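K.L.:
Please take these sequences and the hints and turn them into a complete structure.
The listed protein sequences correspond, in order, to chains A and B. Heads up: the first sequence is residues 1 to 79, going by this note's numbering. Heads up: the second sequence is residues 1001 to 1584, going by this note's numbering.
To be clear, the hints were calculated from the coordinates, so they are not data collected in a lab. Take these hints with a grain of salt, some might be off.
Stated by the list, open to error - Straight-line distance between alpha carbons at most 30 Å, and here's what the computed BS3-like set of lysine-lysine pairs gives:
#	chain 1	residue 1	chain 2	residue 2
1	A	K51	B	K1006
2	A	K71	B	K1006
3	B	K1013	A	K11
4	B	K1013	A	K61
5	A	K3	B	K1006
6	A	K51	B	K1013
7	A	K49	B	K1013
8	B	K1545	B	K1429
9	A	K49	B	K1200
10	B	K1200	A	K67
11	A	K49	B	K1006
12	B	K1200	A	K51
13	B	K1024	B	K1404
14	B	K1200	A	K62
15	B	K1420	B	K1404
16	B	K1454	B	K1025
17	B	K1480	B	K1537
18	B	K1463	B	K1077
19	A	K61	B	K1404
20	B	K1537	A	K11
21	A	K4	A	K61
22	A	K61	A	K3
23	A	K4	B	K1013
24	B	K1379	A	K11
25	A	K71	A	K61
26	B	K1077	A	K3
27	A	K4	B	K1006
28	B	K1537	B	K1547
29	A	K11	B	K1077
30	B	K1013	A	K67
31	B	K1480	B	K1560
32	B	K1200	A	K4
33	A	K61	B	K1200
34	A	K67	B	K1006
35	B	K1013	A	K62
36	B	K1024	B	K1463
37	B	K1006	A	K62
Said to hold, decoys possible - A few chain B positions that, by computed beta-carbon distances, are all more than 12 Å from chain A:
#	residue
38	Y1009
39	E1016
40	R1027
Since the model is a prediction, treat every value here as computed from it, not as a measurement. Where is the CB? At the ideal position from N, CA and C, for every residue including glycine.
Here is what each chain is made of, one letter per residue.
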Amino acid sequence: MSKKLYDLVAKVMNVQSSTINDESGPESIENWTSFKGYVLLYELETEFKVKFTINEAMDVKKIADIKRHLKNHGAILND
Amino acid sequence: MTIEQKLSYYINKASELTGRTFGKKIRIGILCSFTINGLEEAMRVKSAEKNIDCITYVGGYNQYNQEILNHESNVYKFSPDLTFLIVDTRNILGNLFHFPYSISASERRSFVEKKVKEIQNLANAFTSKTKSKLVIANFPLPTYSPHGIFETKTEYGLHKMIEDLNSRLIDSFANSDSIYIYDFNGFVSQYGEDNIFDYKQFLFGDMKISLDYIPYLANDLIGYVVGHLGLSKKCIILDLDNTLWGGIVGEDGFNGIRLGPEPPGNSYLEFQRVLLSLYQRGIILAINSKNNYDEALKVIKEHPYMVLREEHFASIRINWNDKVSNMKEIANELNIGADSMVFFDDDPVNREYMRINMPQILTVDLPQDPSQYAQTIKKMNEFSVLSITDEDAQRGKMYLEQRKRSDLEQSAPDLESFLKNLDLKVLIKNANEFTIPRISQLTLKTNQFNLTTKRYQESDIKKLSEDDRYVVGCAQVTDKFGDNGITGVFIVRKENPKEWFIDTFLLSCRVMGREVEKGILGYIINKAKENEIERIKAQFIPSQKNKPIEEFLPNCGFQKDGDYWIYQSKTQFTIPDFLMVSVE
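P.N.:
This is the structure in structure tokens:
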């Protein structure tokens, strides 16, 4: 699941998947604009078939936060 | 149904477009009352897929009023060809969006009245300052009303307000050739209000169109680009087995194919109905099928549930030849460019073969499920046009007449006796309110027999026709088989008391090869003589497609003079005697 998540982040942010880790976020990824942050959230919702709450959406500061919220919604994480 | 890409695909793809070269170019302005990130990227990528370089300008957030009213604003500096104005219902209604019943019905009426005037004023201010066409999105009708199920019993309620506003907008600009109304409300109902409008996206990021649907919106808006640039497809070429009917007539037989009111035959019936409606709008239909001619034609002529009959097809190729050679023959026979053609075939191998050999043709990926055929064609933006003229509606009939002409031509001993037998009449008409849309359309669409390939929008033609220094006219060509409609255009600029200049001279491919051009040129020369003009100057601007007109000027007695061609009015010019030229 980490790979699936990292790949999606890499695709949306248009960077190499290998550069993504749990600590990645707007600070470390140059392409991460606030708009791309929205795009990422909505594409995650489709990909993992979940719906984040507005509080969760606002709380995302790094990939680890996304993982946490995905787990809360029962998305299956294989790692 | 075509599967749409996610928005991130377009955002990333757009960044790779810089430095690429394209065949056409368009500048698009987007003025919006809300955040609409991603739309410009999706439009640029979708334009690039059609070989169009799309340069965009997106106005500041909710700045559309200032941008339009201020002469010096960035949108005017950007100088767009096409501008979209998208204001959402919340914005236009203000407080009344939430509280429509805080005021009386008559106050609601005056409110709508006021808003219509505001939009009219904005639109007129815009078009007075720029040549850009303006496309105004109408207002989506929210399903919710505080009156709930009583809404439909409410006098001039919230829903009625928006419907009235939308219908008045259409009426306001019905006769304008520079202002168009985009049915944004239709877009929302097509994909569903709950999908398009996502409260979380709206409250979190002020996004009033859900990100997943922005590419679909771009698809709709690209229709205007296609129409504006005159890139609309003109002809649909159809396979037969498993495309127009289910099954294979050669194996299943006349009675065994699936076509009729029951499933699955009704899928094909539905598809044929959409095709017929496009035919009635002016799209030409043709057949390219591997089949036994007699067997397949019997279905077309006699099957009780065929919607499309022989008369609807401008060209028919039913044989065992290679589909690519058939396609080339069809293009030749109809005299239209492969880039105006769309091919429907259920067989992926045939499609791939066509794509490789004739990439200019748009080969559509028909879905495996025939129940989706009708939807597939309805979703295409490639047939978008900004005007539909009388000629368009008659086009199918004209091509049928053309088929009869070809038969005569083949039976005639030589070209001249064919032309003599044709009873050709050329009627010269001035540019006026009836002919201007068609004149503009011909300048936008004609490639082959076009001396200068100058493109003019309706508003340009209108201006030129009102200018004393120009003569703008067109020619309607008829013969014994029927009316070809307005198929020739000329624009002459009066340079000085002794010289005229041919700015535009073109002939639709429909009437090429009948020396009609000599009738039109003869008219121009005679008119010049009447005005004591000594010289007529012309220019041939070569393009990739206008080779057919290359020899026209020298053949008509023009002498080369640097980059130009000169005709001395005293030279004798003879209009072929089989042409009857008259002036309306």
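K.L.:
Decide, hint by hint, whether the structure agrees.
P.N.:
Results for each hint:
1. A:K51 - B:K1006: holds, 17 Å
2. A:K71 - B:K1006: Between A:K71 and B:K1006 the Cα gap is close to 24 Å, so the pair holds against 30 Å.
3. B:K1013 - A:K11: Holds: B:K1013 and A:K11 sit about 11 Å apart, inside 30 Å.
4. B:K1013 - A:K61: holds, 26 Å
5. A:K3 - B:K1006: holds, 19 Å
6. A:K51 - B:K1013: With Cα atoms ~27 Å apart, A:K51 and B:K1013 stay inside 30 Å; holds.
7. A:K49 - B:K1013: holds, 25 Å
8. B:K1545 - B:K1429: Between B:K1545 and B:K1429 the Cα gap is close to 27 Å, so the pair holds against 30 Å.
9. A:K49 - B:K1200: Given that 30 Å is the threshold and the Cα spacing comes to 16 Å, the pair holds.
10. B:K1200 - A:K67: Since the Cα atoms of B:K1200 and A:K67 sit roughly 20 Å apart, the hinted pair holds (cutoff 30 Å).
11. A:K49 - B:K1006: Within the cut-off at roughly 15 Å; holds.
12. B:K1200 - A:K51: OK: B:K1200 and A:K51 at ~10 Å, within 30 Å.
13. B:K1024 - B:K1404: violated, 36 Å
14. B:K1200 - A:K62: Between B:K1200 and A:K62 the Cα gap is close to 20 Å, so the pair holds against 30 Å.
15. B:K1420 - B:K1404: Holds, because 16 Å separates the two Cα atoms, which is no more than 30 Å.
16. B:K1454 - B:K1025: The hint holds at about 14 Å.
17. B:K1480 - B:K1537: Distance ~35 Å between B:K1480 and B:K1537 Cα, so the pair is violated.
18. B:K1463 - B:K1077: holds, 23 Å
19. A:K61 - B:K1404: violated, 72 Å
20. B:K1537 - A:K11: violated, 58 Å
21. A:K4 - A:K61: holds, 19 Å
22. A:K61 - A:K3: holds, 19 Å
23. A:K4 - B:K1013: holds, 21 Å
24. B:K1379 - A:K11: holds, 28 Å
25. A:K71 - A:K61: holds, 16 Å
26. B:K1077 - A:K3: violated, 47 Å
27. A:K4 - B:K1006: Holds - the C-alpha atoms of B:K1006 and A:K4 are around 16 Å apart, at most 30 Å.
28. B:K1537 - B:K1547: At roughly 20 Å apart (the allowed maximum being 30 Å), B:K1547 and B:K1537 satisfy the hint.
29. A:K11 - B:K1077: Status violated; Cα separation ~35 Å.
30. B:K1013 - A:K67: Holds, at roughly 27 Å.
31. B:K1480 - B:K1560: violated, 38 Å
32. B:K1200 - A:K4: Roughly 24 Å separates the two Cα atoms, so the pair holds.
33. A:K61 - B:K1200: holds, 18 Å
34. A:K67 - B:K1006: Within the cut-off at roughly 21 Å; holds.
35. B:K1013 - A:K62: It holds: about 25 Å lies between the C-alpha atoms, which stays within 30 Å.
36. B:K1024 - B:K1463: holds, 24 Å
37. B:K1006 - A:K62: Holds: B:K1006 and A:K62 sit about 22 Å apart, inside 30 Å.
38. Y1009: violated, 8 Å
39. E1016: violated, 9 Å
40. R1027: For B:R1027, whose nearest Cβ neighbour in chain A is about 23 Å away, the distance exceeds 12 Å, so it holds.
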